[in-house]
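Undergrad: Given next are the chains, with one letter for each unit.
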Amino acid sequence: GESVGLHLPTLSVQEGDNSIINCAYSNSASDYFIWYKQESGKGPQFIIDIRSNMDKRQGQRVTVLLNKTVKHLSLQIAATQPGDSAVYFCAEATSNFGNEKLTFGTGTRLTIIP
Amino acid sequence: NAGVTQTPKFQVLKTGQSMTLQCAQDMNHNSMYWYRQDPGMGLRLIYYSASEGTTDKGEVPNGYNVSRLNKREFSLRLESAAPSQTSVYFCASGDRDRVYGYTFGSGTRLTVV
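Just so you know, the protein sequences line up as chains A and B, in that order. All residue numbers in the first sequence are consecutive under the working numbering, ending with 227. All residue numbers in the second sequence are consecutive under the working numbering, ending with 114.
Hints in this document: simulated from the structure, not taken from any laboratory.
Taking lysine-lysine and the DSS-like style, the derived pairs with C-alpha atoms no more than 30 Å apart in a straight line are: (1) A:LYS214 / A:LYS181; (2) B:LYS72 / A:LYS155; (3) B:LYS10 / A:LYS214; (4) B:LYS10 / A:LYS155; (5) A:LYS169 / A:LYS181; (6) B:LYS58 / A:LYS214; (7) A:LYS184 / B:LYS58; (8) B:LYS72 / B:LYS58.
To spell it out: a stretch of chain B is covered by chain A in this simulated footprint if at least three of its residues, at any positions, have a beta carbon under 8 Å from a beta carbon of chain A; those stretches are: (9) 40-53; (10) 86-95; (11) 104-114.
Owing to the predicted nature of the structure, the values given are computational and were not obtained by experimental measurement. We treat Cβ as the ideally placed atom computed from N, Cα and C, and that holds for glycine.
Chain A on its own, in the form it takes in the complex (with noise of 0.2 Å):
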């Protein structure tokens, strides 16, 4: 079945420096993407969305890049602080015909090195 994975399950970065966490996705008929994060014993977070009409999109500190062709999510934080860590999740939707669905990757344990 169709699936979204993430490349890399853990990742330690350095406070103040730049993060990219890895997405693939496996569904060519899917037009939304979200980015999540999920901080210890609680709900996932809605970080950033984008849509399949775009390549790029950015927020506050945050951009997400998608690059169809390879079926490839990006999630960029920039200027790290202590309070990103936490786990990231991509999720995609596919709309069929009027019920849509949203499925996850398994998720990358981001953790920010004071």
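Please build the complex by placing chain B on the supplied structure of chain A, with the hints as guidance.
TA: Relative to chain A, chain B alone:
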């Protein structure tokens, strides 16, 4: 501005017992979802409801039932709990315009012994 509210936050069940997890959203979203999250894994879709009055199976529906009571509420029922259903359960809601993605509740940690 509660967003998505789940109850209870924690629950311990004995094998064979039944229970219902409650979820309510106050954002007037059409779609609601139930996911489970197991250690070291991503979120897997159990059931979803694209709109009031409709429900569909997700990736792992066996052992669960759902009810979309109205636009606000979407409940998940375990009729006969099994240890394999020990997990953290998340409810989420979203709208067709996909504004700010999908909003998640804080989760229910369920242990079946």
